[in-house]
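*Asks:* Generate coordinates for the entire structure from the input sequences, incorporating the hints supplied.
Protein chains in written order, with my numbering: chain E, 49 to 466; chain C, 372 to 861.
Derived by calculation from the structure, the hints in this document are not laboratory data.
Cβ atoms here follow ideal geometry from the backbone N, Cα and C, with glycine treated the same way.
Among these hints, one or two may not hold up.
Okay, the calculated bits of chain E under chain C, using three or more residues with CB under 8 Å as the criterion [unchecked claim]:
no. : segment
1   : 74 to 80
2   : 92 to 106
3   : 271 to 284
4   : 329 to 338
5   : 457 to 465
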Amino acid sequence: MSADVVRARLGRPAQDMLEAAVVLEAWTGAPPGRALADGRRLMSGRPALPEVSVSAPPAAAKPRRKALEAAAFGVAVVAVAAWARPLRDLIGASGLRDALRVALPLTLAVQWTLSSRYLSRPGGVATLAARPALLAAGAAGLLIPAIAGAGAVGAVAALLTLLWCGGAIAARRGRPMGFAAAVALATPPLLAGASPWLVLSALVLAVAALAFAAPGPRCLHPGRWDRALLAGLIGAALGVLLVGDASLPWVATPGEALLLAPSILATVYGGGALWRLPAALSGALVGVRLHERPGRAPTRLLLGALGRTVAISLALSLLCRELVPWPSSPVAREAALCGFALLGLVTLLASLLEALDRGGRVVLVLGCGVALELLIRPPFPGAALIAGAATCTLLLIAAAVAAVARPATAVATHLWIG
Amino acid sequence: MLERCPPARPRVLLTTEGTYPYEIGGVSSWCDLLVRSLPELEWQVLPIVAPHDRPPRYAVPPHARVLPPIEIWSDRRPARGRRGDLRDLPAALVRGLLRWDGSPSAVVDAWLRCRRDPRGVRRAFRSRAGWDAYRGALAEVLAERVPEAGTPPLLDLVEAAELYQTLYWIARTAAVPTPDVEVLHATAAGWSAIPAAVHRALHGTPLVLTEHGVFLRESYLAAARGGASPGRRFAATRLARGLTRTAYACADVVAPVTSANAHWETGLGLDPDKVRVITNGLLQAPAPTPPPGTGRIVSVGRIDPLKDVHTMLRAAAATLQLVPAAHFAHYGPVTPGEETYGRSCELLHEQLGLGSRFRFMGATTDPAGVVRGADVVLLTSISEGLPMALLEAMGEARPIVATSVGGVPEVVRGCGIVVPPADERALALALASLLRNPERAARLGRQGHARLARRFDQADCVDRYRDLLRDAAAGRLRAPAPPRELPVAA
Numbered sequence: 049m050s051a052d053v054v055r056a057r058l059g060r061p062a063q064d065m066l067e068a069a070v071v072l073e074a075w076t077g078a079p080p081g082r083a084l085a086d087g088r089r090l091m092s093g094r095p096a097l098p099e100v101s102v103s104a105p106p107a108a109a110k111p112r113r114k115a116l117e118a119a120a121f122g123v124a125v126v127a128v129a130a131w132a133r134p135l136r137d138l139i140g141a142s143g144l145r146d147a148l149r150v151a152l153p154l155t156l157a158v159q160w161t162l163s164s165r166y167l168s169r170p171g172g173v174a175t176l177a178a179r180p181a182l183l184a185a186g187a188a189g190l191l192i193p194a195i196a197g198a199g200a201v202g203a204v205a206a207l208l209t210l211l212w213c214g215g216a217i218a219a220r221r222g223r224p225m226g227f228a229a230a231v232a233l234a235t236p237p238l239l240a241g242a243s244p245w246l247v248l249s250a251l252v253l254a255v256a257a258l259a260f261a262a263p264g265p266r267c268l269h270p271g272r273w274d275r276a277l278l279a280g281l282i283g284a285a286l287g288v289l290l291v292g293d294a295s296l297p298w299v300a301t302p303g304e305a306l307l308l309a310p311s312i313l314a315t316v317y318g319g320g321a322l323w324r325l326p327a328a329l330s331g332a333l334v335g336v337r338l339h340e341r342p343g344r345a346p347t348r349l350l351l352g353a354l355g356r357t358v359a360i361s362l363a364l365s366l367l368c369r370e371l372v373p374w375p376s377s378p379v380a381r382e383a384a385l386c387g388f389a390l391l392g393l394v395t396l397l398a399s400l401l402e403a404l405d406r407g408g409r410v411v412l413v414l415g416c417g418v419a420l421e422l423l424i425r426p427p428f429p430g431a432a433l434i435a436g437a438a439t440c441t442l443l444l445i446a447a448a449v450a451a452v453a454r455p456a457t458a459v460a461t462h463l464w465i466g
Numbered sequence: 372m373l374e375r376c377p378p379a380r381p382r383v384l385l386t387t388e389g390t391y392p393y394e395i396g397g398v399s400s401w402c403d404l405l406v407r408s409l410p411e412l413e414w415q416v417l418p419i420v421a422p423h424d425r426p427p428r429y430a431v432p433p434h435a436r437v438l439p440p441i442e443i444w445s446d447r448r449p450a451r452g453r454r455g456d457l458r459d460l461p462a463a464l465v466r467g468l469l470r471w472d473g474s475p476s477a478v479v480d481a482w483l484r485c486r487r488d489p490r491g492v493r494r495a496f497r498s499r500a501g502w503d504a505y506r507g508a509l510a511e512v513l514a515e516r517v518p519e520a521g522t523p524p525l526l527d528l529v530e531a532a533e534l535y536q537t538l539y540w541i542a543r544t545a546a547v548p549t550p551d552v553e554v555l556h557a558t559a560a561g562w563s564a565i566p567a568a569v570h571r572a573l574h575g576t577p578l579v580l581t582e583h584g585v586f587l588r589e590s591y592l593a594a595a596r597g598g599a600s601p602g603r604r605f606a607a608t609r610l611a612r613g614l615t616r617t618a619y620a621c622a623d624v625v626a627p628v629t630s631a632n633a634h635w636e637t638g639l640g641l642d643p644d645k646v647r648v649i650t651n652g653l654l655q656a657p658a659p660t661p662p663p664g665t666g667r668i669v670s671v672g673r674i675d676p677l678k679d680v681h682t683m684l685r686a687a688a689a690t691l692q693l694v695p696a697a698h699f700a701h702y703g704p705v706t707p708g709e710e711t712y713g714r715s716c717e718l719l720h721e722q723l724g725l726g727s728r729f730r731f732m733g734a735t736t737d738p739a740g741v742v743r744g745a746d747v748v749l750l751t752s753i754s755e756g757l758p759m760a761l762l763e764a765m766g767e768a769r770p771i772v773a774t775s776v777g778g779v780p781e782v783v784r785g786c787g788i789v790v791p792p793a794d795e796r797a798l799a800l801a802l803a804s805l806l807r808n809p810e811r812a813a814r815l816g817r818q819g820h821a822r823l824a825r826r827f828d829q830a831d832c833v834d835r836y837r838d839l840l841r842d843a844a845a846g847r848l849r850a851p852a853p854p855r856e857l858p859v860a861a
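*Replies:* Structure follows, in structure tokens:
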């Protein structure tokens, strides 16, 4: 009778004597002593075969709007490339080069820091928006030293940094097209001779409004500062890798800026594909017993995403080679395209490893790459970038494959233990 | 050697989990009563909570202070301290907590190592060696064959990793430093007992454990009704069992709120000499008012599977067939996280066609007032300790119809009707018999009012805790185990 009650209530036999006792007490009113004795009696038979437990597959990550993001970045790159002439007129070619060499690493450092601490969390933007003093101090901390130290060049660098950081926040909030539209709308007045200071300042304010308007509910806790600072170091190292090759002319003309477009678009695509990797890692463990080896789906996903990123980057680079006018040697153009493509892969892999909480290794590898790039005497323009980025790519691919080849270890020891 | 003088006002560390001072509820009300009523003690409240940004719901009096909560499942890093080699920690915890015959002293030893080397905890759980050793130990646990323990299921790696993460948070909880006090008071045999058990092992401070429900029984009920996979169910219940056994082993006194809970506790292996039942109490109510005589049946409690609201609704439908003039009012909110159950209750209400004859009234801040407006008070729970709703009913001299679970029969004796749980027919018959016989109902109500004064007086409850905690502070409980010498002050 007791066994029937337990089976009827649970829809299965009891797991152990305690479960049987609890059911008997809760649904028959048996006093605890009798329920425990009956529970023990119910379990006294021959041990059953072990039940095979299979956990529910993890929820699929919400797909990112890759096409929109890619289109927005494309529009933004083309538009910013078009600003080369008015900005060169304002601060000179070398001034613009210097401004970009400062703005790009700084932008990447700030974007990676913000992403780790705020943007990668639901409600993170709202949490950031709720700290206007921090935002104002950050902007002032960027603008004042830049203007004091480098005058107009510093001011351009600071404004571009603020603009691109605002763009990243807007894109993360699902407003990439709004950012692209703002940048595109600012281009005609700039080309028509409007004051670049006025246009850039207005654009920064518009993008800030886009990034922080109607922020919604906040997250409980932002990410840890130590991890955010490590992410910032990764961003800065990527930026230095990008601009560290002195043999590349760096945006004397719009065409040079456009060379970044293939790798940016390919990286946006690759980032979207790798977005699914954490879910794929835990998904690979579903139904796998303790002594068994999980399948290779995460490794296949990683290598497939990297392969497709390379293919897209290659195709777009070939297109760019045909379409983009280039004043200096074609070798430099092809080397730049190759270097940027490799850098795109480095960014992708660094982002993946940071998400798997292996930021320390990434910083180490990027440090090696930057050192190589800065120390090497390039045999042709762009060779230093290629050498640094290729070294980082190889080392980071090895680290990423090693991480995803053991999905159980990656999930248990890093993804789920912060 | 200098001897430390005990402070004039003994200090008590009250550890809570998911209750006081951040959540409203029975345990929180009890904590609030105790803290407010015993100003001769200096209270330090250590809450264990999931991350949230809610302010405390209770203001603590001047003789108490709330310590920074222990946040589990948060991003925060462990406290600073030494970083030793604890790579065998995950394996030690899974053996100690999940084996059917796991050793509570081995668990406490592992927790002490966490306290000594707080930074080593994260390092151990993030190491491949820690994970590999854990998998080996878990495989041993799953290979156990003890007849009464049933056959453990074969967990998959997701379930194994989830359990690993939970053990990490248990270790993190053990690693949190606790202040210097004379008495430890844990409010459940689960997570809240962890810091107390570690502190006791370090300093020999006496540990009092109050169980309102029975943590283990409630964990089993939650797992049984949750529809989780066999692996998750096994991990949750075995972990609860491991925590409970460790808490019972470490406690110097266990104070259940009803002798029914004491039977569970001793049945789970607790030394009967440690048990001291202290029933909850209620302030003496003024002279009761007569019932309205309108056939109104009131129930007070959260909308939660443990309250078995489905049976309540079916019992209401059956009662309305017998007494068409009856009408029901249920006061209480849906338990956070049980929204699906809440919707199922609304659906069943609709299916049964109860309409306005059964109304969900939402939360109430005046349980005595709503009970005063009843002719009969109803309770259909499948798990209870000592329900305050029944004491409220007795305070207002209202007869009770309730299910015979936990401490309910002990409370309701002579002042209501107790029926088996989940028996809607029996509930309906009991309700109908009281509605049709108001004189009997009134007599039971009066008996309840008198019984409340005799057995469940709030002042008596507070006095008994005062005595217990004073005895503990003065070292008059059973001799505690000698403290362990550790180089780090906890």
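*Asks:* Which numbered hints turn out to be false for this structure?
*Replies:* none
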